[in-house]
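Undergrad: Spelled out from the first residue to the last, the chains are:
There are 2 protein chains.
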Amino acid sequence: MNSTLETLKMRLAEVVDLQRAAALLSWEQQTYMPSGGAKARSEQLATLQGLSHRLFIADEIGGLINDLKNTSAQWDYDTDEASLLRLVERQYERERKIPSQLVAELASTTALAQEAWALARQNDDYPVFQPHLQKVIELTRQQAECFAPYENLYDPLLDKYEPGMKTSEVQMMFDGMKEELIQLVDAINSRSDEVSNTILYGEFDIEQQREFGLRVAKQFGYDLKRGRLDETLHPFCTHFSIDDVRITTRFDNEFLPSALFGTMHEVGHALYEQGISPKLDRTGMDTGVSLGVHESQSRLWENLVGRSRPFWNHYFPQLQTFFPDAFSTVTQDEFYRAINRSEPSLIRVEADEVTYNLHIIIRFELELDLLSGDLHLNDLPSAWVEKYKDYLGVAPNNDSDGVLQDIHWSIGAIGYFATYTIGNLLSVQLFDCARKEIEDLDADISQGDFDALLHWLRENIHCHGSKFTPGELVKRITGNSMDSRPYLNYLHNKYREIYKL
Amino acid sequence: MNSTLETLKMRLAEVVDLQRAAALLSWEQQTYMPSGGAKARSEQLATLQGLSHRLFIADEIGGLINDLKNTSAQWDYDTDEASLLRLVERQYERERKIPSQLVAELASTTALAQEAWALARQNDDYPVFQPHLQKVIELTRQQAECFAPYENLYDPLLDKYEPGMKTSEVQMMFDGMKEELIQLVDAINSRSDEVSNTILYGEFDIEQQREFGLRVAKQFGYDLKRGRLDETLHPFCTHFSIDDVRITTRFDNEFLPSALFGTMHEVGHALYEQGISPKLDRTGMDTGVSLGVHESQSRLWENLVGRSRPFWNHYFPQLQTFFPDAFSTVTQDEFYRAINRSEPSLIRVEADEVTYNLHIIIRFELELDLLSGDLHLNDLPSAWVEKYKDYLGVAPNNDSDGVLQDIHWSIGAIGYFATYTIGNLLSVQLFDCARKEIEDLDADISQGDFDALLHWLRENIHCHGSKFTPGELVKRITGNSMDSRPYLNYLHNKYREIYKL
Numbered sequence: 098m099n100s101t102l103e104t105l106k107m108r109l110a111e112v113v114d115l116q117r118a119a120a121l122l123s124w125e126q127q128t129y130m131p132s133g134g135a136k137a138r139s140e141q142l143a144t145l146q147g148l149s150h151r152l153f154i155a156d157e158i159g160g161l162i163n164d165l166k167n168t169s170a171q172w173d174y175d176t177d178e179a180s181l182l183r184l185v186e187r188q189y190e191r192e193r194k195i196p197s198q199l200v201a202e203l204a205s206t207t208a209l210a211q212e213a214w215a216l217a218r219q220n221d222d223y224p225v226f227q228p229h230l231q232k233v234i235e236l237t238r239q240q241a242e243c244f245a246p247y248e249n250l251y252d253p254l255l256d257k258y259e260p261g262m263k264t265s266e267v268q269m270m271f272d273g274m275k276e277e278l279i280q281l282v283d284a285i286n287s288r289s290d291e292v293s294n295t296i297l298y299g300e301f302d303i304e305q306q307r308e309f310g311l312r313v314a315k316q317f318g319y320d321l322k323r324g325r326l327d328e329t330l331h332p333f334c335t336h337f338s339i340d341d342v343r344i345t346t347r348f349d350n351e352f353l354p355s356a357l358f359g360t361m362h363e364v365g366h367a368l369y370e371q372g373i374s375p376k377l378d379r380t381g382m383d384t385g386v387s388l389g390v391h392e393s394q395s396r397l398w399e400n401l402v403g404r405s406r407p408f409w410n411h412y413f414p415q416l417q418t419f420f421p422d423a424f425s426t427v428t429q430d431e432f433y434r435a436i437n438r439s440e441p442s443l444i445r446v447e448a449d450e451v452t453y454n455l456h457i458i459i460r461f462e463l464e465l466d467l468l469s470g471d472l473h474l475n476d477l478p479s480a481w482v483e484k485y486k487d488y489l490g491v492a493p494n495n496d497s498d499g500v501l502q503d504i505h506w507s508i509g510a511i512g513y514f515a516t517y518t519i520g521n522l523l524s525v526q527l528f529d530c531a532r533k534e535i536e537d538l539d540a541d542i543s544q545g546d547f548d549a550l551l552h553w554l555r556e557n558i559h560c561h562g563s564k565f566t567p568g569e570l571v572k573r574i575t576g577n578s579m580d581s582r583p584y585l586n587y588l589h590n591k592y593r594e595i596y597k598l
Numbered sequence: 098m099n100s101t102l103e104t105l106k107m108r109l110a111e112v113v114d115l116q117r118a119a120a121l122l123s124w125e126q127q128t129y130m131p132s133g134g135a136k137a138r139s140e141q142l143a144t145l146q147g148l149s150h151r152l153f154i155a156d157e158i159g160g161l162i163n164d165l166k167n168t169s170a171q172w173d174y175d176t177d178e179a180s181l182l183r184l185v186e187r188q189y190e191r192e193r194k195i196p197s198q199l200v201a202e203l204a205s206t207t208a209l210a211q212e213a214w215a216l217a218r219q220n221d222d223y224p225v226f227q228p229h230l231q232k233v234i235e236l237t238r239q240q241a242e243c244f245a246p247y248e249n250l251y252d253p254l255l256d257k258y259e260p261g262m263k264t265s266e267v268q269m270m271f272d273g274m275k276e277e278l279i280q281l282v283d284a285i286n287s288r289s290d291e292v293s294n295t296i297l298y299g300e301f302d303i304e305q306q307r308e309f310g311l312r313v314a315k316q317f318g319y320d321l322k323r324g325r326l327d328e329t330l331h332p333f334c335t336h337f338s339i340d341d342v343r344i345t346t347r348f349d350n351e352f353l354p355s356a357l358f359g360t361m362h363e364v365g366h367a368l369y370e371q372g373i374s375p376k377l378d379r380t381g382m383d384t385g386v387s388l389g390v391h392e393s394q395s396r397l398w399e400n401l402v403g404r405s406r407p408f409w410n411h412y413f414p415q416l417q418t419f420f421p422d423a424f425s426t427v428t429q430d431e432f433y434r435a436i437n438r439s440e441p442s443l444i445r446v447e448a449d450e451v452t453y454n455l456h457i458i459i460r461f462e463l464e465l466d467l468l469s470g471d472l473h474l475n476d477l478p479s480a481w482v483e484k485y486k487d488y489l490g491v492a493p494n495n496d497s498d499g500v501l502q503d504i505h506w507s508i509g510a511i512g513y514f515a516t517y518t519i520g521n522l523l524s525v526q527l528f529d530c531a532r533k534e535i536e537d538l539d540a541d542i543s544q545g546d547f548d549a550l551l552h553w554l555r556e557n558i559h560c561h562g563s564k565f566t567p568g569e570l571v572k573r574i575t576g577n578s579m580d581s582r583p584y585l586n587y588l589h590n591k592y593r594e595i596y597k598l
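If you read the sequences in order, they're chains A and C. Plus 97 on top of the position in the first sequence (first one is 1) and you've got the numbering used here. Plus 97 on top of the position in the second sequence (first one is 1) and you've got the numbering used here.
None of these hints come from the bench; they were simulated from the model. Just so you know, not all the hints are guaranteed correct.
If several chains are the same, the list does not tell them apart, and a pair holds so long as it fits within one copy or across any two.
Here are the computed lysine-lysine pairs in the DSS-like style, where the Cα-Cα straight-line distance is at most 25 Å [stated by the list, open to error]:
#1 LYS136 to LYS484
#2 LYS194 to LYS591
#3 LYS106 to LYS322
#4 LYS275 to LYS486
#5 LYS533 to LYS572
#6 LYS275 to LYS263
#7 LYS136 to LYS106
#8 LYS232 to LYS315
#9 LYS166 to LYS484
#10 LYS136 to LYS376
#11 LYS232 to LYS257
#12 LYS136 to LYS232
Let the sequences and hints guide you as you build the complete structure.
TA: Structural data, given as structure tokens:
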């Protein structure tokens with residue numbers, strides 16, 4: 098065994114352990130922590146993250162990487178060893194470029210900005226948030242500048258969440274989708290009477306919701322011996338090892354879809370993490386490769402499986418027995434159409450499959466303009482309103498439902514939003530491949546049998562963890578680059594039928 | 098502000114954060130973790146503990162300590178600064194003396210020994226455990242030898258749990274108690290028909306138990322905004338900051354005392370941690386000073402308050418409304434006697450106030466003999482049986498109820514048992530002081546009013562955290578050293594009345 102490699106792996110394992118411990122602290126903060134614990138918890142998270150960064154950027158790691166590069170010629174590109182070296186070198190160079198001083202300043206700035214944002218949103222008071230956002234953007238710009246030279250200042254920000262992706266690629270994709278999406282929204286809008294979703298509002302017992310959600314989760318393949326479901330204000334998936342992957346959900350006893358599709362979504366993320374090869378454990382390759390690829394998995398299970406006709410062929414009769422008062426007189430077709438109703442709205446997290454990506458494109462365009470300086474922060478709320486009018490035909494009456502609705506900018510997560518749409522696009526590209534390679538996938542799903550699908554995802558995506566870049570992974574599977582065409586085709590076909598376009 | 102002191106505090110805060118994070122990981126392992134998470138959790142705990150040790154014994158800390166010692170003349174003994182310096186210097190010297198290699202060897206040995214112990218206990222198979230115990234004792238001996246010179250090889254082991262306490266002092270105290278306890282046990286035994294506890298067995302709804310336990314906990318002063326109660330196999334108290342102190346309990350729906358007194362016991366520990374001065378936060382002084390002093394707090398609330406007549410003057414009528422089927426026809430006197438029934442038994446954790454300390458003395462004497470080599474491991478089970486016959490008049494039929502009953506030796510916790518009895522003795526010494534200084538304490542307790550008592554404990558014990566050694570603390574409060582006489586007097590008075598001796 099290569100002892101340099103072993104030493105590197107030992108050092109990386111320590112870093113991974115610290116990050117996993119931090120993830121647990123954060124999970125517990127959102128699930129069980131009493132309110133008094135908040136101050137100490139933030140101190141502990143700062144210590145764990147700071148230490149993890151310090152250990153990772155140590156000169157020793159750089160030395161080990163260099164030593165290995167001199168011997169790596171012997172490793173094939175696809176081996177775990179070669180992949181580890183590529184990943185660690187990329188991350189090491191990235192992390193070393195940002196001065197610790199700037200990391201600390203960003204951390205303290207965003208801690209304050211997040212508080213200001215929460216207050217501003219609560220009181221519909223954008224001016225309270227604006228100076229904080231100003232500082233966040235300034236520091237984010239400085240952070241990006243550490244990575245010069247670049248084609249676009251936005252590239253290093255995007256790269257943090259979607260390694261290897263370039264701003265120009267996203268721009269081209271988004272520009273290519275925008276008009277077509279707007280036209281589809283208009284077409285659907287003109288036939289909005291075709292579909293109602295009032296049957297989804299009512300009284301839905303939470304224990305029944307939990308049981309139904311867990312039944313679906315288990316049948317998808319989520320292993321509860323290596324995971325668990327808890328309740329939080331904002332649903333999420335997190336992991337503390339390949340064998341300990343948690344999901345959370347939020348139950349609304351008056352609206353069924355929140356927890357139902359929220360749980361399927363988080364299970365999609367969890368299946369990815371549970372499916373990573375144990376050989377990659379504690380190396381840093383033992384997690385999903387990017388936010389976009391992660392989102393492709395959650396969206397695949399939530400939308401392409403969970404909002405499909407075959408799925409409800411199997412589950413609607415069961416849902417009727419869980420909620421007889423709500424659904425005993427409802428047809429499966431009515432239910433299917435209700436859960437797929439599309440309508441322009443103000444809030445991203447509640448948006449349907451058609452309108453969702455326009456919410457994202459708006460944020461992406463605004464981020465670019467803010468970063469380049471073309472858009473001044475004084476004008477951000479009105480720019481927001483204008484874009485919503487242009488793209489979705491609706492506009493918020495207040496900033497809380499507008500520019501203040503998302504937490505992302507306050508925590509410095511600029512470059513993040515695009516990955517939601519990347520996930521949507523990839524979900525269809527990948528699902529189309531699965532459909533080609535799995536005989537009669539729809540028939541399986543119609544019988545509540547997801548084994549072949551999960552097996553395909555594990556073999557082609559999950560098991561690799563972060564061995565390959567997102568671009569490499571997509572190419573290996575589809576033979577192509579990322580492409581918005583399959584997603585648009587999927588939307589057209591699905592909504593043509595639902596809205597009789 | 099002294100910048101050397103500030104730097105030291107920053108370094109210590111990091112170490113404290115790592116330890117608190119480890120405590121949370123351990124708590125979560127016992128409360129919510131799915132079984133699959135065990136392997137990774139143990140890796141993460143090892144990393145956090147190893148790193149915390151590495152950071153603490155860094156040369157830099159030693160340098161800061163030395164720099165401060167040159168300026169510390171200006172600090173009064175009682176100041177936080179002087180106390181911090183004393184504590185850190187003592188801990189630093191201690192931790193530096195143990196070679197990392199030995200720490201690691203002990204960790205891996207005890208991990209295996211613990212598994213072997215669990216198996217051996219399950220199958221009543223001492224020979225499976227014996228070689229592991231052999232190695233644990235050997236390494237423990239090596240560990241103790243790092244602290245030469247010492248009066249007794251056992252001193253450094255005891256010192257780990259009860260700083261400053263000497264083996265000879267414990268021996269003298271235990272020898273002084275033994276005969277008197279054995280006689281008291283005999284006297285009670287001869288009148289065993291006086292007291293029955295059958296009324297404590299029955300059907301006790303767990304939700305009712307929880308509600309009653311939380312009611313008492315809150316009235317004792319446990320702040321649930323800075324804590325919470327969960328369920329675990331073995332009850333414990335842990336903390337992640339002064340403002341986040343958790344307790345756990347175990348409910349038995351057929352036997353009331355388990356959760357009832359178990360909860361009061363853990364609340365006693367929790368009140369100590371919640372009562373530490375915020376000025377000591379993140380310094381390492383921000384936790385109870387020793388296991389013995391900690392146990393004095395849990396025992397005080399569990400036994401001196403919770404098993405007293407005044408307490409049940411207030412709570413028995415409430416308990417009757419919680420469990421009318423069990424208690425509506427029971428008198429308060431019957432109940433009081435039932436919860437205080439004393440009888441020699443085999444299992445330490447179920448022992449009453451009289452017999453409990455004999456269980457401890459047996460273990461303490463065996464540990465000394467094992468460490469000195471006077472007792473060979475082949476003879477340990479029979480030595481155990483002999484001592485139980487001699488001291489308690491009962492003997493186990495198997496090793497699972499004998500030498501294998503406790504986890505302590507398997508995890509290398511040799512020197513730990515004595516602190517249980519130290520806690521019992523201190524609980525009475527301290528409570529006697531409180532009683533002298535608080536006007537009509539029994540009347541308060543009879544009304545469910547614990548404010549004066551908690552205030553007294555906070556002022557005299559809790560707020561100081563680990564500023565003073567246990568010996569200093571006891572001296573400051575009682576004017577004396579630790580003494581078994583008050584405890585023996587307490588037992589005589591209490592049990593004379595209950596058993597009409």
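Undergrad: Each hint should be assessed against the structure and marked as holding or not.
TA: Quick rundown of the hints versus the structure:
Proximity of LYS136 and LYS484 under a CA criterion of 25 Å is satisfied in neither setting, with 39 Å inside one chain copy and 50 Å between copies. Taking the shortest alpha-carbon separations for LYS194 and LYS591, neither the intra-copy value of 46 Å nor the inter-copy value of 71 Å comes in at or below 25 Å. For the homomeric pair LYS106 and LYS322, neither the shortest alpha-carbon distance inside one copy (27 Å) nor that between copies (41 Å) is at most 25 Å. With identical chains, the CA atoms of LYS275 and LYS486 are at most 25 Å apart within one copy only, with a shortest distance of 14 Å there and 86 Å across copies.
Taking the shortest alpha-carbon separations for LYS533 and LYS572, only the intra-copy value of 16 Å comes in at or below 25 Å, while the best inter-copy value is 81 Å. For a Cα distance limit of 25 Å, the shortest separation of LYS275 from LYS263 inside one copy, 18 Å, qualifies, whereas the shortest one across copies, 79 Å, does not. In the homo-oligomer, the alpha carbons of LYS136 and LYS106 lie at most 25 Å apart only across protomers (17 Å), although the nearest pairing inside one protomer, at 33 Å, exceeds that limit. Proximity of LYS232 and LYS315 under a CA criterion of 25 Å is satisfied in neither setting, with 45 Å inside one chain copy and 44 Å between copies.
In this homomeric assembly, LYS166 and LYS484 never come within 25 Å of each other (Cα to Cα): the closest approach is 49 Å inside a single copy and 65 Å across copies. Proximity of LYS136 and LYS376 under a CA criterion of 25 Å is satisfied inter-copy only: 14 Å between copies versus 37 Å inside one chain copy. When the C-alpha separation of LYS232 and LYS257 is checked against a cutoff of 25 Å, the pair qualifies only within one copy, where the shortest distance is 20 Å, while the shortest distance between copies is 49 Å. Only within a single protomer do LYS136 and LYS232 lie at most 25 Å apart by alpha-carbon distance; the minimum there is 23 Å, versus 43 Å between protomers.
The structure shown violates the earlier hints numbered 1, 2, 3, 8, 9.
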